[in-house]
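Number of protein chains: 4
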Amino acid sequence: MIVVMKCGCSQAEIEAVVKRIKESGLKEHISQGVERTIIGILGQNLLDLQDTLQLLPGVEEVIPVSKPYKLASREFHPQNTIVKVNGIAIGGDEIVVIAGPCAVESEEQLLATAREVKADGANILRGGAFKPSTSPYHFRGLGKEGLKMLAKAREETGMPIITEVMTPNDVELVASYVDILQIGARNMQNFILLDEVGKTRKPVMLKRGSSSTIQEWLLAAEYILTQGNEQLILCERGIRTFETSTRNTMDISAIPLIKKVSHLPIIADPSHGTGKWYLVAPLALAAIAAGADGLMIEVHPNPDLALKDGVQSLTFENFRQFMSQLIPIVRATGRKLATSGIKVKS
Amino acid sequence: MIVVMKCGCSQAEIEAVVKRIKESGLKEHISQGVERTIIGILGQNLLDLQDTLQLLPGVEEVIPVSKPYKLASREFHPQNTIVKVNGIAIGGDEIVVIAGPCAVESEEQLLATAREVKADGANILRGGAFKPSTSPYHFRGLGKEGLKMLAKAREETGMPIITEVMTPNDVELVASYVDILQIGARNMQNFILLDEVGKTRKPVMLKRGSSSTIQEWLLAAEYILTQGNEQLILCERGIRTFETSTRNTMDISAIPLIKKVSHLPIIADPSHGTGKWYLVAPLALAAIAAGADGLMIEVHPNPDLALKDGVQSLTFENFRQFMSQLIPIVRATGRKLATSGIKVKS
Amino acid sequence: MIVVMKCGCSQAEIEAVVKRIKESGLKEHISQGVERTIIGILGQNLLDLQDTLQLLPGVEEVIPVSKPYKLASREFHPQNTIVKVNGIAIGGDEIVVIAGPCAVESEEQLLATAREVKADGANILRGGAFKPSTSPYHFRGLGKEGLKMLAKAREETGMPIITEVMTPNDVELVASYVDILQIGARNMQNFILLDEVGKTRKPVMLKRGSSSTIQEWLLAAEYILTQGNEQLILCERGIRTFETSTRNTMDISAIPLIKKVSHLPIIADPSHGTGKWYLVAPLALAAIAAGADGLMIEVHPNPDLALKDGVQSLTFENFRQFMSQLIPIVRATGRKLATSGIKVKS
Amino acid sequence: MIVVMKCGCSQAEIEAVVKRIKESGLKEHISQGVERTIIGILGQNLLDLQDTLQLLPGVEEVIPVSKPYKLASREFHPQNTIVKVNGIAIGGDEIVVIAGPCAVESEEQLLATAREVKADGANILRGGAFKPSTSPYHFRGLGKEGLKMLAKAREETGMPIITEVMTPNDVELVASYVDILQIGARNMQNFILLDEVGKTRKPVMLKRGSSSTIQEWLLAAEYILTQGNEQLILCERGIRTFETSTRNTMDISAIPLIKKVSHLPIIADPSHGTGKWYLVAPLALAAIAAGADGLMIEVHPNPDLALKDGVQSLTFENFRQFMSQLIPIVRATGRKLATSGIKVKS
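Chains as they are written, first to last, in the numbering used here: chain Z, 1 to 346; chain A, 1 to 346; chain P, 1 to 346; chain E, 1 to 346.
To be clear, the hints were calculated from the coordinates, so they are not data collected in a lab.
Ideal placement from N, C-alpha and C gives every residue a C-beta, glycine not left out.
Take these hints with a grain of salt, some might be off.
Calculated lysine-lysine pairs in the DSS-like style (CA-CA distance at most 25 Å, straight line) [as the list claims (entries may be wrong)]:
id, chain 1, residue 1, chain 2, residue 2
1, P, Lys276, E, Lys19
2, Z, Lys259, P, Lys276
3, P, Lys27, Z, Lys6
4, P, Lys276, E, Lys6
5, A, Lys6, E, Lys259
6, Z, Lys152, Z, Lys118
7, E, Lys27, A, Lys27
8, P, Lys19, E, Lys202
9, A, Lys67, E, Lys202
10, E, Lys259, Z, Lys276
11, A, Lys27, A, Lys6
12, Z, Lys27, P, Lys6
13, P, Lys19, Z, Lys260
14, Z, Lys70, P, Lys6
15, E, Lys336, A, Lys27
16, A, Lys67, Z, Lys6
17, P, Lys67, E, Lys19
18, E, Lys67, Z, Lys276
19, Z, Lys276, A, Lys276
20, Z, Lys336, E, Lys336
21, Z, Lys70, E, Lys6
22, E, Lys259, Z, Lys67
23, P, Lys70, Z, Lys6
24, E, Lys70, A, Lys70
25, Z, Lys276, A, Lys67
Here's a subset of chain A near chain P, in silico, CB distances under 8 Å, partners left out [stated by the list, open to error]:
id, residue
26, Phe76
27, His77
28, Leu111
29, Thr241
30, Thr244
31, Thr246
32, Ile252
33, Arg331
Chain P residues, not near chain Z, derived (Cβ > 10 Å throughout) [said to hold, decoys possible]:
id, residue
34, Gly40
35, Arg240
36, Arg335
Using the sequences provided together with the hints, build the complete structure.
This is the structure we're talking about:
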C-alpha cells in the first residue's frame with residue numbers, strides 16, 4: 001500500500017502517518033520527492049489500514065498495490081483448476097455444454113428437453129427448481145418437486161444436473177439432489193449463502209452479479225474458497241449497462257481477463273447475458289472464441305409456452321443448429337467438445 | 001398490454017395472437033392501421049403473457065402499459081404511508097434523522113455515539129451488528145453481541161434502534177432486539193429474506209440495490225407488502241455508475257420520483273451514497289430539499305480508527321455542524337425536524 | 001508516478017525501468033520491500049511515460065499520483081473564480097438563475113418567455129439557435145435568425161443571453177451576438193471547438209458530457225483555460241446510467257466535489273438532467289442545497305406545443321411557483337439570489 | 001405511436017388528445033378497455049408529437065412503435081450494404097483486417113508497420129493524423145504531415161488508408177488524402193461533422209459513441225445516409241460501464257444485433273474496446289465468431305515507445321501470431337479473409 005502525501009504537508013503529518021503504520025506492526029518506507037512525499041507500507045494485512053490512513057491530516061490518497069483476493073488468484077495457484085463432475089473435466093482442454101430449460105415446469109418438459117440436448121451433445125442438464133423472480137406475482141419454481149424431477153432426468157439420461165440454490169437453509173436439500181450448486185447473479189454477494197456452499201464439498205458455479213466488477217466477483221469466489229471448497233466454476237452472464245436493446249451486456253472481455261488473473265474455470269451464459277434467443281448462438285460462439293471453458297444455454301420444447309424466460313430460450317431445432325455451428329469454432333480454438341461424463345443408464 | 005405486429009404480417013399471424021390471448025381468458029382489441037396492426041389486451045394478470053406473445057410469428061414487440069407493482073403504487077394507495085416507530089412518524093410532515101456508527105464495535109463506541117447524536121437532535125440510532133463485506137478478510141460484525149449493545153444503547157438513551165438483517169434465519173433474532181429491520185442494498189433482491197421480513201410486523205427499511213431500477217426497487221417492496229407488512233420505508237443510497245470519484249452516485253431524482261409513483265416514505269443515506277465524509281452534508285441537504293422524509297448518517301467517535309467505512313463517517317463535531325446546517329433547510333421546505341419519539345429513560 | 005514491480009521481478013527488470021526513467025530526464029526513487037519493489041518517479045511531464053513503463057517486463061502497474069489537470073485545479077488557484085456577465089457575478093455569494101426556452105422558435109415565443117422569467121427573478125436568458133438533435137428528422141434550430149431574436153430579447157429586457165455553439169466555424173458568429181457561449185454535453189470532448197472558444201474572451205459555459213467522469217470534464221475545461229480564457233463556468237446536467245425513469249441521472253455529488261477540487265463556478269441544469277418537468281423543481285432545490293452557484297431552467301409558454309423538449313419545460317405558472325420555493329432554500333444556505341446585472345432598457 | 005390514458009381519465013381529456021392528433025393531420029384509433037383507454041395513432045411524422053401528447057391532461061404515457069431511423073434499417077434496405085474500397089468488399093463474405101499504429105508518429109514508424117501488417121495479411125492501413133486526446137497536454141497528432149506520410153505508405157504498399165477526421169473544416173483536406181474517413185467515438189454525435197462527411201462520396205467508418213445506445217448510433221448513421229452517402233461502415237469499440245478493469249466494455253452483442261436491424265457492415269476495434277494489448281486477440285476472435293465483417297487492430301513497432309495508446313498496441317510478433325489464430329476462426333464461420341484490394345505498387 002502506498003500513502004501519497006499532499007503537496008506541502010508538514011513533517012508532523014508525515015510522522016503521524018508513520019506512527020500509525022508502526023502501531024499496526026508494519027514497516028514504512030519514505031520517498032521524499034521535490035513536490036510530494038510518498039510512503040510505502042510493507043507487510044501483510046494492510047486492508048483495514050486504508051480507510052484509516054486516508055483520514056489522517058496531510059494525506060492525499062492511499063493506493064493499494066496488491067490484489068485483495070488470494071486463493072482465487074493465479075499468482076497463488078498458477079495451474080488451471082479443473083473441476084470434475086461425474087468424469088467431466090471443466091477448465092481443461094474440453095469445452096462443456098450445460099443445457100436445459102430455465103425453470104423445471106413438469107416431468108414431461110424436463111425429460112423431453114434432457115433427451116434432446118443429450119442427443120445434440122450437451123454434457124450437463126440445467127433446470128431451475130427455485131427461481132428468483134423480480135416480481136412476487138411471477139412463477140417462483142416448483143421447489144422440492146423440481147429437484148425430484150431433475151434427479152429423475154439424471155437417472156434416465158445419465159447427465160449430471162445443476163440447479164440454483166437461493167438461501168442458506170436450502171443448501172443441504174439441494175446438495176443432496178444435484179451435482180453442481182449454482183449461485184445466481186442476484187446472490188453473488190449473499191455472503192452467508194457463499195459461506196454455506198463453501199462448507200459443502202459439491203462443485204459450485206458462481207454467476208457474476210449484474211453490477212459486479214471482476215474484483216468483487218473474485219472476492220465472492222474467495223468466500224467459497226476460504227471455506228475449503230475448491231470445486232468452483234465462474235459464470236459470466238452479462239452486466240447492467242445503459243444499453244436497453246439487450247437484457248444485459250455480455251462482458252466477453254471478462255473471460256480472457258479472468259483466465260489471466262485467476263486459475264478458476266469460466267463459462268458463459270448467453271441466454272441471460274442477452275435475453276434474446278436470436279443472440280444466444282453468436283454470443284456463445286464469441287465466448288468460446290475468447291477462451292471460455294463452457295456454455296450454459298437455455299432450451300425449451302415450446303419457448304412461447306414457457307413459464308419463465310421463454311424469450312431467451314432456444315427451441316430444440318435452434319439448439320441442434322447451434323451445436324452444429326459450435327463444433328467448428330471449438331476446433332478452431334484447438335480444443336474439443338467434452339464427450340465423457342455421461343453415465344450410461346443402468 | 002399492447003402487441004405491435006410487424007409491417008406486412010399475415011392475417012393468420014394476427015389470428016394466432018388473438019387465439020393465444022383468448023386462451024388466457026383475456027380480451028383482445030384490434031387496431032388495423034395503414035402500416036401496422038396493433039392489438040390491445042384487456043384484463044388482469046398479463047405478465048406471463050408478454051414473453052409468450054413476443055415469440056409468436058409476425059409479432060414485432062409487446063409493450064406493457066400497466067405498472068407491474070400494485071400495493072406499492074400511489075394509484076392503489078393515494079395517501080402517504082406513515083410508519084410509526086416509538087411515536088416517531090416517518091413519512092409525514094416531520095424529517096427523521098437516523099445516526100450512528102456503520103458497525104457496532106464496542107459498548108463504549110456505541111454509547112458514546114448514541115449520546116452524542118441524541119444530544120444533536122437525531123431520532124433513531126443505527127449500528128450494524130451483521131455486516132456485509134465485499135472481502136471475506138474484513139470485519140463482518142459482532143453479531144448477537146452487537147444486538148445486545150444496541151439494546152443497551154436504546155435502554156440508556158431511549159432512542160429506537162435500526163440494524164441490518166442479512167439472512168432469513170436471523171430475522172426472528174434481530175426482530176426481537178430492534179425497532180426497524182434494515183434490508184441492505186446487496187439483499188434488495190434476496191427474495192426469501194424479503195418474504196421473511198414481510199411476515200413480521202416490524203417496520204422494515206428497504207435500501208435500493210446499487211444497480212436496481214426504481215421499478216425493481218418497488219417490486220422488491222411489493223414482496224414485503226404482499227406478505228402483509230405495510231410498515232415499510234425506502235432508502236436511496238446511491239447507484240453504481242461509471243463515475244469513480246464517489247463510491248456510488250446518489251440518485252437524488254429517485255426521491256421526488258418515488259413520492260410521485262408510490263405512497264411509501266423515502267429517506268436518503270448519503271454516507272454510503274457518496275463514500276466520502278466531506279460529501280455527506282451537502283448530499284444530505286440536497287436530499288431534504290428534494291423531498292426526502294429523513295436521513296441516515298454514519299457517525300463515529302474516531303473515524304480514522306473505525307473498523308468499517310471510517311472514510312464516510314462524520315466525527316461528532318462534523319455531525320453537530322451538519323445538524324446546524326440542516327435545520328434552516330428543513331424549515332425552508334416547510335417541514336420540521338422530528339423531536340418526538342425518544343422515550344425518556346425511566 | 002509510482003511503478004509497482006511484480007513479485008519476484010528480476011534486478012535487470014528493475015534496472016530497465018530505472019534506465020527508461022532516467023532517459024526521460026526524471027529521477028527515480030526505489031523502495032525495496034519484502035514482497036515487492038516500488039519505484040517512485042519525481043518530476044514533471046510524466047504523463048506520456050505511464051503507458052511506456054506499463055509495458056516493460058516485470059512491471060505490475062503504473063499509478064499516477066498527481067491530478068492530470070492543473071489550471072482547473074484548486075491547488076493551482078485556491079480562490080473561487082468569479083465570472084462576470086454584465087455585472088452579474090457567477091461563482092460568488094449570489095445564486096444566478098438562467099431561464100428560457102430550450103429552442104428559440106419565434107420572436108413572440110422568445111419575448112414572452114423573456115419578459116416572464118425576468119419578472120419572476122431570472123437573471124440571464126437562454127434559448128437555443130443551433131440545436132443538436134439525436135435524429136436528423138427533428139428540429140435543428142433557427143440558426144442565425146434565432147441569434148437575432150435573442151439579441152432583440154436582450155435589447156428589450158436587458159437580460160444577458162446564453163446560447164449553444166456547436167461547431168468551430170460558428171464561434172465568431174455566435175460570439176458576436178451573445179454574452180455567454182455554451183458548449184453542449186455532446187461537444188464536451190469536441191477538442192477543436194474547445195480550442196476555439198478558448199481563444200475568444202467571451203465567458204463560456206461547459207456542460208458535462210453525459211458519460212464523462214469529473215476528471216475528463218476538468219480536462220476539457222483545461223483545454224479552454226490553456227487557451228487563455230478564464231471566464232469559464234461548469235454545468236452539471238446529468239449522466240447516463242442504467243436507470244431509464246429519468247432522461248439522465250443528475251449527479252448532485254459532482255457539485256460539492258467540483259467545489260473541492262476546482263475553483264470554477266458550477267451551475268446545474270435539472271431540465272436536461274431529469275427530462276421530466278415535474279422533477280425540475282426538486283432537483284433544482286437539491287442542487288442549490290448542495291452548493292451550486294446557479295441554475296439553468298427551461299421555460300416555455302406552451303410546453304405541449306414546443307418544437308423541442310416540451311416535456312421537460314416549465315410553464316410560466318410552474319416557473320413562478322418554483323421561484324417562490326427557491327428563495328427560502330437560497331436563504332437557508334446563507335446565500336442570496338442575484339438581482340444585479342440586468343441593464344434597464346434605455 | 002400509442003397514447004396510454006390514465007385510469008379514470010375523463011371523456012374530455014380523451015377528446016383533447018384526439019383533437020391534437022387530428023390537428024397534426026393524423027388519424028386516431030381508440031381502444032376502450034375496462035381499466036384504460038388506449039389511443040393508437042396512424043400515419044407518418046409522429047416524432048414531434050410524442051412530447052406534446054405526453055403533456056396533455058389524462059395522458060399516462062406515449063409509446064413509439066416504429067423505429068426512428070429509416071435509411072439505416074434492414075426493413076427499408078433488406079440486402080447487406082457492401083462498401084467497396086479499392087476492390088476490397090466490406091460487408092460481404094470476406095473478413096477485412098485494418099491494422100496500423102494508433103497515431104502516425106514518423107515516416108519510419110508508419111512504413112515499417114505498413115510493410116509488416118501487409119505481409120501478415122492486413123488489407124487496409126490505419127494511422128491517426130489528427131488525434132483526439134482527453135488531455136490538452138498529450139500528443140494531438142502530426143496533422144497534415146501525417147496525412148502525407150499515410151499517402152506515401154499507400155503508394156509504397158498499395159494498401160488503402162483510413163484516418164480520423166475531427167472537424168468539418170478538415171473534411172475536404174482529409175478526404176483528398178485517404179480512402180476511408182473515420183468518425184471517432186467522441187464525434188459520433190457531432191452532427192455538423194456527420195452532415196459534412198455525408199456530403200462527400202468517400203466511404204465513412206462511424207465508430208459507436210462510448211455511451212451511445214444502438215438506436216442513437218443508427219440515428220447518427222442516418223445523418224450520413226440522409227446526405228446521400230451510402231458508403232458507410234459501423235465500428236463497435238466498446239461502451240462505458242462501471243467495470244474499470246478494461247478501458248471500455250466491448251459490446252459484442254451489438255454485432256449480431258446490428259446485423260439484424262440494419263444492412264450496414266459492422267467491424268470491431270478491440271484495441272480501443274479493451275485498452276489492453278493482451279485482450280485484443282481474444283476479443284477480435286470473439287467479434288468474428290459473433291459475425292463481424294472485419295477488425296481494426298492497433299500495431300506498433302515498439303509499443304513501449306509509442307506516443308499514444310502503446311498499452312493497447314500489438315507488437316509485430318503479437319500481430320503475426322494473432323493472424324495465425326484468426327484464420328481458423330474465420331474459416332469456422334464459413335467466411336474467408338479478404339485478399340483482394342491491395343494494388344501492386346507500380
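Are the Cα positions of P:Lys70 and Z:Lys6 separated by 25 Å at most? 15 Å, holds
Going straight from one Cα to the other, do P:Lys19 and Z:Lys260 come out at no more than 25 Å? Status violated; Cα separation ~28 Å.
Taking only the CA atoms, is the gap from P:Lys27 to Z:Lys6 under or equal to 25 Å? Cα-Cα ~19 Å, so holds.
For the pair we were handed, E:Lys259 and Z:Lys67, check the Cα-Cα distance against 25 Å. 40 Å, violated
Chain P contact restraint on A:Leu111 - CB to CB distance below 8 Å: For A:Leu111, the interface hint is violated, since the closest Cβ of chain P sits about 32 Å away, which is over 8 Å.
Would you mind confirming whether the straight-line C-alpha gap from Z:Lys336 to E:Lys336 stays at or under 25 Å? 22 Å, holds
Does the structure keep Z:Lys70 and E:Lys6 at a Cα separation of 25 Å or less? Between Z:Lys70 and E:Lys6 the Cα gap is close to 56 Å, so the pair fails against 25 Å, i.e. violated.
With a cut-off of 25 Å on the C-alpha distance, tell me whether A:Lys27 and A:Lys6 pass. 21 Å, holds
Between E:Lys336 and A:Lys27, does the CA-CA distance stay at or below 25 Å? 52 Å, violated
Closest CB-CB distance from P:Arg335 to chain Z, is it above 10 Å? Fine: 29 Å to the nearest Cβ keeps P:Arg335 off the interface.
Does E:Lys202 sit within 25 Å of P:Lys19, going by the straight-line distance between their CA atoms? 47 Å, violated
Is the straight-line distance between the alpha-carbon of E:Lys67 and that of Z:Lys276 25 Å or less? 18 Å, holds
Hint compliance for this structure: hints 2, 8, 9, 13, 15, 16, 17, 19, 21, 22, 24, 26, 27, 28, 34 and 35 are broken, all remaining hints hold.
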